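**Student:** Protein chains in written order, with the working numbering: chain V, 1 to 358; chain X, 1 to 308; chain E, 1 to 317; chain A, 1 to 414; chain U, 1 to 273.
Worth double-checking, as some hints may not be accurate.
Claimed, not checked - Facing chain X, from chain E, some residues (calculated, C-beta under 7 Å):
no., residue
1, Thr-148
2, Asn-183
3, Lys-184
4, Thr-185
5, Gly-188
6, Arg-189
7, Ala-193
8, Asp-196
9, Gln-199
10, Leu-202
11, Val-204
12, Gly-205
13, Ile-206
14, Glu-311
15, Ile-314
As the list claims (entries may be wrong) - Quick partial rundown of chain A residues pointing at chain E, CB under 7 Å, derived from the structure:
no., residue
16, Arg-12
17, Ser-145
18, Gly-146
19, Gln-188
Everything labelled a hint here was simulated from the structure, so no lab data went into it. Remember, predicted model here, so these are calculated numbers, not experimental data. All residues carry an ideal CB built from backbone N, CA and C; glycine is no exception.
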Amino acid sequence: MFYREAGQFKTSYEADQALFPIRQDKIGLGIILLVAFVVIPLTANDFFLASVMIPFLVFSLAAIGLNVLTGFCGQLSLGTGAFMGVGAYAAYKLTTIFPDVNVIFLVLVSGFFSAAIGAIFGLPSLRIKGLYLAVTTLAAQFFLEWCFIRIGWLYNYNASGAIEIPTREMFGVIISGAEATPLARYFVVLTITVLIAFLIANVLRGRIGRSWMMIRDMDIAAELMGIRPLQTKLMAFAVSSYVCGVAGAMMVFFWLNAAEPSSYSITLSFQILFMVILGGLGSVGGAFMGAAFIWILPIVLRAIPNMLDVDIGAETVEHLAFMVVGALIIFFLIVEPHGFARLWQIAKQKLRVWPFPY
Amino acid sequence: MTGASRSDPRSASPEMALEQAKPMSTLELDRTGDKTSITEAQDTILTVNNIEVIYDHVILVLKGVSLTVPRGGIVALLGANGAGKTTTLKAVSNLLGAERGEVTKGKIVFEGEEVQALSPNDLVRRGCIQVMEGRHCFGHLSIEENLLTGAYTRKDGAAAIKSDLEMVYTYFPRLRERRNSQAGYTSGGEQQMCAIGRALMSRPKMILLDEPSMGLAPQLVEEIFEIVKQLNDNEGVSFLLAEQNTNVALRYATYGYILEAGRIVLDGDAKALRDNEDVKEFYLGVGGEGRRSFRNVKHYKRRKRWLS
Amino acid sequence: MLYDIFVDPFVQMYQMPDFFLQVLWEGFVAGILYALIALGFVLIFKASGVFNFAQGIMVVFAGLTLVGLHENGVPAYLALILTIGVMAVLAYGIERIVMRPLVNQPDIILLMATIGLTYFLIGFGELIFGGEPKRMITEELGLPTGSTAFEFGERGLVILQHIDIAAAVIAILMVGALAVFFNKTRIGRALRAVADDHQAALSVGISLNQIWAIVWFAAGLVALATGIMWGARSDVSFALEIIAFKALPVLILGGFTSIPGAIIGGLIIGFGEKIAELYWGGLVGGGIESWFAYIIALIFLLFRPQGLFGEKIIERV
Amino acid sequence: QDTNYVPLLTYRTGPFAGSGIHIANGMNDYLQMLNERDGGIGGVPIAIEECETSYNAQKGVECYEATKGKGALVYNPYSTGITLQLIPKASVDKIPVLSMGYGLSAAAVGDVFPWVFNVPVTYWDGASVVINYIADQEGGLDSLSGKKIGYIFLDAGYGREPIPLLEQLAEKHGFELLQYPVPANQMQNQSSQWLNVRRDRPDYMIMWGWGAMNPTAIKEAVKIRYPMDKFIGVWWSAGEDDAAAGGQDAAGYKALNFSGVGMDFPALQDIKTLVVDAGKTQTDPASIGTTLYNRGVLNSVIIAEGIRTAQELTGKKVITGEDMRVGLEALNLTQERLAEIGLAGFAHPMKVTCEDHAGSHPVFIQEWDGERFVKVTDWIEPMTDVVRPLLEAAAADYAEKNAPWPERTEACAQ
Amino acid sequence: MNAIVTKESLPEPRPASERELLLRVDNVSLSFGGVKAITDISFDIRKGEVRAIIGPNGAGKTSMLNVINGFYHPQEGTITWRGEVRRKMRPYEAASQGIARTFQNVALFKGMTTLDNIMSGRSLKMSRNFFWQLLWRGPAEREEIEHRRKVEEIIDFLEIQAIRKTPVGRLPYGLQKRVELGRALAMEPELLLLDEPMAGMNLEEKEDMSRFILDVNSEFGTTIALIEHDMGVVMDLSDRVVVLDYGKKIADGTPEEVQANQAVIDAYLGVSH
Ligand SMILES: Nc1ncnc2c1ncn2[C@@H]1O[C@H](COP(=O)(O)OP(=O)(O)OP(=O)(O)O)[C@@H](O)[C@H]1O
Ligand SMILES: Nc1ncnc2c1ncn2[C@@H]1O[C@H](COP(=O)(O)OP(=O)(O)OP(=O)(O)O)[C@@H](O)[C@H]1O
Ligand SMILES: [Mg+2]
Ligand SMILES: [Mg+2]
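Start from the sequences and build out the full structure, keeping to the hints where you can.
**Tutor:** Okay, structure coming up:
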């Protein structure tokens with residue numbers, strides 16, 4: 001009833017190739033952006049902004065980054081955490097070297113460092129494929145983590161071995177450091193995430209995105225059609241690491257405030273990978289859905305006993321949350337292996353034929 | 001398997017298949033609905049009754065397909081690309097589950113028992129095996145190992161398996177030459193032979209053959225169908241084959257169904273189908289004056305719209 | 001500097017042969033223990049093409065069940081038998097609930113499912129056994145403890161832990177048995193077929209359900225053995241799960257599908273990282289073990305993209 | 001009803017659960033006992049809420065955000081990583097952070113960190129005590145010259161923190177410091193580190209470990225036959241479970257401690273009867289009196305005394321985080337007061353001042369006799385003269401790196 | 001594209017032997033371990049012709065195509081492409097020089113739609129760099145649309161409008177083959193290598209496919225090398241046929257000559273067609 005494309009004729013290829021060719025989708029996106037930019041800031045409390053929305057957006061961005069590499073280019077990576085760390089440490093160093101430059105600009109620049117590192121660790125992908133490639137990215141993960149601990153210069157030789165984020169402002173509003181309000185940080189994170197997501201979506205629907213998917217779906221055929229495998233893969237590594245690097249920098253600058261090397265450990269890599277797979281490999285929208293599921297669901301689960309006023313220990317809740325998340329991951333994979341993005345498509349398809357079953 | 005048990009007129013005997021030259025006087029154009037009466041009869045090995053198949057919960061592919069395969073018969077399933085032949089075969093062999101498809105309506109009876117709920121390996125154990133379209137050899141296994149996996153369900157001892165292996169090698173000498181190569185590296189035709197040979201290794205009562213002739217050299221196509229006929233004659237194996245090479249298929253089959261867009265639109269004795277004008281025109285390519293040249297095909301659309 | 005890299009380590013090896021032997025032995029033991037974990041991965045990968053991320057947690061789970069049962073008063077050997085039973089139930093459950101509905105799905109989806117399983121088992125295990133580390137019941141199980149020291153020259157001493165020797169023996173026996181099982185039986189061939197193509201395996205009548213249950217059970221047994229051995233070295237705790245990452249380079253080096261590969265890969269990594277850490281690690285401040293294994297694996301892979309004994313990656317059009 | 005709300009960031013899951021559980025139980029049980037026995041503090045019950053962090057910084061921050069709005073009085077992160085994240089937030093949100101014997105050593109400088117407390121001692125104090133003790137064994141600081149002292153540590157901020165001090169002392173007293181980092185993902189796999197120890201034959205070993213690292217290290221030490229009486233751990237490597245991993249062979253292993261050993265204290269008895277035996281907690285009765293449990297209790301003692309002091313100073317019954325800060329800064333836990341609360345001799349008397357939030361109090365050494373820890377030394381003073389300048393330099397450095405770091409504006413209540 | 005053009009209406013092509021040489025294979029041998037896939041084969045392909053390669057299964061036909069477009073590197077022999085002797089080259093270089101192909105086992109990009117698959121054939125012709133792609137609006141979009149037009153022509157030509165937005169993984173085999181042809185056509189190649197384009201098709205579809213091939217050949221002047229097992233198709237479409245058996249060349253000539261060749265009949269045809 002509500003989801004009918006009938007009557008929406010596209011008269012030009014421009015219209016057909018738009019990001020959201022269907023009117024209802026456009027309206028939906030408009031509503032989401034409205035909620036994100038207006039409704040949430042007006043209504044949400046600090047906890048929701050600082051502990052739900054900001055991490056959610058940061059993770060979404062990281063998931064988009066990994067999706068470029070794994071979902072679109074088919075190169076399995078377990079080094080996301082470390083690449084995010086490179087972004088974080090680079091941004092941190094940049095703020096000490098250029099204390100007067102706008103921190104948002106530095107965060108965006110820091111991505112280039114992780115892009116470069118990502119490309120270096122992407123080099124073996126020419127020869128090594130699939131799960132085997134995962135080990136090279138693991139090498140990156142553990143090696144970089146070790147560097148974060150060992151190279152004192154990276155954290156300005158702080159006794160704590162951690163990086164701590166200085167207070168910086170923009171237009172008179174404090175946006176980083178402990179004094180920044182969750183609202184200010186939320187706006188920064190939201191803007192960067194939406195912007196990068198939009199730019200990446202552009203790349204993905206064009207020639208370059210297509211060449212990544214060609215490599216993913218059948219690298220031999222892609223090569224026989226004139227795609228240079230190494231160049232294309234390295235580009236995917238670089239772009240993916242750039243996005244992850246920015247996400248990593250945002251993670252410490254606008255969310256955690258301080259980070260130890262262990263903040264960028266293999267656990268983080270896996271967290272992002274879950275989001276990508278569960279959201280749907282090869283879908284930008286899916287990255288958001290996956291991030292929401294993996295980050296927000298446990299928070300909700302932990303809150304449930306409190307709401308119901310049941311008295312069980314914090315750790316029992318944690319154990320149950322683990323079990324539920326695990327079970328739900330399996331459940332959703334069984335329901336739809338291609339993730340929430342596909343589930344959403346199927347739902348739309350059903351809406352289209354509604355009220356008939358098919 | 002004796003001739004007497006095949007009293008039903010539809011289940012033509014192999015001898016009939018050989019009498020290709022004799023013209024058939026009547027053209028049988030049964031509609032699927034009339035056949036339910038014989039589904040339970042003893043001499044049908046497989047009955048598919050009005051099944052509906054949906055992929056991914058939303059894509060309806062088969063819209064009520066019914067067919068029967070008589071014991072010892074060779075039944076051909078013809079139809080254009082995407083008509084649903086493969087889907088029908090997979091519905092029978094229960095491989096749909098692996099593709100997120102399901103049979104939502106109708107029933108499938110193999111040797112008098114409903115089999116929709118069984119697993120594919122149960123079905124193989126009961127003697128019904130499928131040769132999948134597109135080869136699907138085990139790439140990392142050698143040709144010989146591939147063949148031996150076909151005998152996985154057999155319990156009749158190494159010697160019997162060994163002799164069957166020999167049999168397959170006699171059918172396909174090319175396989176003997178390449179027996180130790182990894183199947184993934186063999187040529188397309190070699191893989192096709194391997195897939196067929198693998199099915200033979202299970203000593204089935206019934207084989208579902210999906211496009212056996214695809215990618216095979218012409219003389220091999222003839223050979224494959226000769227093998228089909230031999231197995232059918234000597235061992236009484238029944239066949240349901242989906243085949244694009246209508247010419248050959250109808251020469252060897254006893255009965256044929258034509259499937260379009262998920263529905264059976266025409267069925268009848270092979271001979272009758274061969275003489276049907278539409279079939280001639282659209283599947284056999286024989287116009288009034290013999291074979292048409294591929295060079296002279298016309299450019300406007302000439303698709304048959306079946307009335308069903 | 002150059003001297004430190006190229007000369008000094010060898011001088012040391014020569015001057016302290018007892019220590020070098022000890023390093024080799026430690027490398028051997030570490031290799032064997034890595035191989036044990038890797039073995040569990042190999043089993044399941046071979047049989048389904050699934051990279052079983054949950055192997056690490058299965059190790060912990062098996063160990064905890066054994067110790068937990070014993071703590072509750074079950075005699076050690078009975079606890080062992082009961083644990084085997086638990087692993088069988090687990091295998092059946094995983095096959096029924098997780099694997100069966102996901103047949104013929106892409107590898108990464110199955111990988112993800114095993115990660116879901118990992119989460120579930122972590123929560124479940126901690127719920128039942130609590131999060132604190134437990135002591136492995138080494139002696140109760142009749143495993144040797146203590147150590148033997150061999151005098152070596154003047155001041156030299158090579159110390160062999162009995163439990164390490166037991167671990168090596170058990171690992172080798174297990175690898176032998178599994179290798180025979182996989183290569184000599186009809187099931188072995190079927191497993192490799194399944195790993196290649198689920199649907200085709202179904203079509204020739206291989207019962208994925210049965211095979212998967214068997215293999216997950218076998219992996220559970222390997223996990224139990226691993227849990228006992230690692231538990232005897234440190235403690236049985238959820239932190240052990242992290243060790244499972246060490247199995248990855250081993251696995252990749254040996255080739256995902258090869259049982260002997262797991263052992264040889266384990267030994268290469270074990271020797272390699274111990275020697276590197278002890279003779280070269282000091283140059284960069286030590287602790288290089290956390291990534292060195294991956295670098296070894298990476299270098300090997302550049303020359304053999306399918307690992308040492310892995311099945312060749314077939315590329316054909 | 002009015003309550004004073006105390007969130008407890010704990011971890012009973014994850015790789016550090018082995019240590020975390022005992023701490024969590026101790027912290028929780030003491031406060032609960034106060035509620036049961038005295039109806040809280042100053043007549044106001046304490047609302048206790050545990051939040052599980054799994055020793056994970058992300059979750060730690062989430063717990064913080066989730067609880068700070070409920071009027072939290074103080075945070076005990078029990079993780080250096082989480083502490084570091086909370087330090088800058090404390091002054092903004094006006095909730096003090098109590099990192100008892102961990103976290104950022106420099107936080108002892110109250111002028112720079114008015115909101116952070118690391119009473120009773122810092123890591124640097126601890127490290128200096130170990131060196132002091134070793135010197136005692138060897139016959140004076142001068143005889144340290146030419147000795148080799150090994151330092152095995154968790155390769156993270158926590159383990160690396162004492163290194164500057166140890167290096168400085170090594171230079172000053174002429175001993176050689178050998179470092180053996182244990183990567184966090186290798187905690188249970190330390191054979192290389194201990195082989196190195198075996199090769200280097202250090203005269204003493206110092207350990208800064210946590211969680212699963214401790215028992216593994218002790219086992220490995222036994223394995224290479226390192227003389228256990230020359231092996232000294234920090235107070236976080238002092239758990240019974242840690243030493244028990246080495247069993248009888250580990251006898252002689254020593255660890256620093258600043259909280260009481262055993263359960264012969266009236267307050268602990270109260271906990272046993274009123275809380276544990278009454279089934280109001282999940283504590284295993286056998287664990288009462290163990291090192292880490294008692295550590296947790298001590299942590300809660302400091303919280304409780306902080307609240308009490310705050311109540312006295314402000315005259316309020318229900319206090320805020322700001323009041324709590326004042327209370328903690330005026331904390332003066334005397335011998336008499338300890339006796340009053342049924343914990344005579346449980347800890348060294350401790351006093352916090354506006355300048356010094358740690359107090360550099362003395363600690364003692366306990367030794368594993370194969371079955372339990374026994375106190376083997378008296379209270380040993382840290383080398384305040386070395387440590388204090390270091391602390392001040394580090395605090396200044398922190399403030400500079402985090403410029404603009406807020407100046408202290410909080411008045412000193414003393 | 002929909003104009004009715006039949007082969008007869010075009011001027012009779014010049015005999016193949018007079019046409020310009022496009023590609024020459026000289027004494028090429030290729031073996032894998034012990035298996036000799038190709039032994040000392042020489043033949044040529046001339047501009048504008050339809051060249052068929054036939055032979056029994058495992059004769060080395062596919063391997064021959066793989067050698068031509070650089071996927072396999074022959075141990076011996078040379079390949080001359082437009083007068084230049086080619087050294088060892090990577091497949092993407094072959095593609096950029098104008099060699100496109102379809103595959104025996106369909107090698108489409110399974111996760112992409114028909115449209116994207118065919119667009120992917122135009123990758124080499126598109127050039128807007130990463131930063132334009134990021135912005136999309138402007139040059140990148142214009143370029144995309146320009147190529148989309150070309151692709152839509154191909155879609156019309158192959159009559160696959162209805163499946164434009166369908167992921168190709170779900171298409172039936174025959175349509176997949178057609179999409180694959182479309183993808184190769186999108187590359188606007190000089191030489192088009194077709195590996196069993198009609199396997200698995202029924203007569204009607206084969207007729208369609210034949211028409212496409214002939215049209216491509218005559219309209220775009222694309223040279224075609226074709227492997228096919230349907231003798232009817234081969235005899236009707238091709239100008240010259242080379243026959244392989246066990247990696248060796250056993251015949252080369254016009255369809256009529258080849259059909260009459262006894263060696264070919266023995267090795268391949270079985271009976272003379
Ligand atoms: N896994 C699947 N998911 C969704 N749709 C599918 C799937 N498999 C097949 N289909 C659809 O089902 C229809 C019938 O396909 P099927 O493969 O059965 O045809 P076919 O008659 O065997 O064709 P061909 O002769 O080309 O092999 C097609 O339209 C196809 O798009
Ligand atoms: N990469 C490879 N490794 C090993 N053997 C190979 C490889 N590629 C081809 N072969 C072998 O070379 C021979 C020729 O193979 P090819 O694929 O060229 O045959 P074909 O003529 O295309 O046959 P078909 O008509 O069956 O497709 C076959 O025997 C095949 O097994
Ligand atoms: Mg089909
Ligand atoms: Mg071929």
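**Student:** Confirm or reject each hint.
**Tutor:** Here is how each hint holds up against the structure:
Given the 7 Å rule on beta carbons, the hint for Thr-148(E) is violated: about 45 Å separates it from the nearest Cβ of chain X. Taking 7 Å as the C-beta contact cut-off toward chain X, the hint placing Asn-183(E) at the interface is violated, the least distance being around 11 Å. With a least beta-carbon distance of about 13 Å to chain X, the hint placing Lys-184(E) at the interface is violated under the 7 Å criterion. Taken as an interface hint, Thr-185(E) does not check out: its beta carbon lies about 11 Å from the nearest beta carbon of chain X, beyond 7 Å.
This hint is violated: Gly-188(E) has a C-beta 10 Å from the nearest C-beta of chain X, more than the 7 Å allowed. Taken as an interface hint, Arg-189(E) checks out: its beta carbon lies about 6 Å from the nearest beta carbon of chain X, inside 7 Å. Because the beta carbon of Ala-193(E) sits about 5 Å from the nearest beta carbon in chain X, less than 7 Å, this interface hint is met. Interface restraint check: Asp-196(E) against chain X, minimum CB-CB distance 4 Å, threshold 7 Å, status holds.
Checking Gln-199(E) against chain X: minimum C-beta separation of about 5 Å stays under 7 Å; hint holds. For the restraint placing Leu-202(E) at the interface with chain X, the shortest Cβ-Cβ distance is roughly 4 Å, inside the 7 Å limit, so the hint holds. For Val-204(E), the interface hint holds, since its Cβ comes within 7 Å of a Cβ in chain X; the closest pair sits about 5 Å apart. The criterion of a C-beta within 7 Å of any C-beta in chain X is met by Gly-205(E), whose closest approach is roughly 3 Å, and the hint holds.
Proximity of Ile-206(E) to chain X holds as hinted, the smallest CB-CB distance being about 5 Å (cut-off 7 Å). For Glu-311(E), the suggested interface contact is upheld, since its CB lies about 5 Å from the closest CB of chain X, less than 7 Å. Below 7 Å, beta-carbon pairs count as interface contacts, and Ile-314(E) has one with chain X at about 4 Å; its hint therefore holds. At its closest, the beta carbon of Arg-12(A) sits 5 Å from a beta carbon of chain E; the interface hint therefore holds under the 7 Å criterion.
Interface hint status for Ser-145(A): violated, as the beta-carbon distance to the closest one in chain E is roughly 23 Å, over 7 Å. Look at Gly-146(A): its Cβ only gets to about 20 Å from chain E, farther than 7 Å, so that hint breaks. Hint on Gln-188(A) holds. Least Cβ distance to chain E is approximately 4 Å, under the 7 Å limit.
Violated hints, listed in ascending order, are 1, 2, 3, 4, 5, 17 and 18; each of the other numbered hints is respected by the structure.
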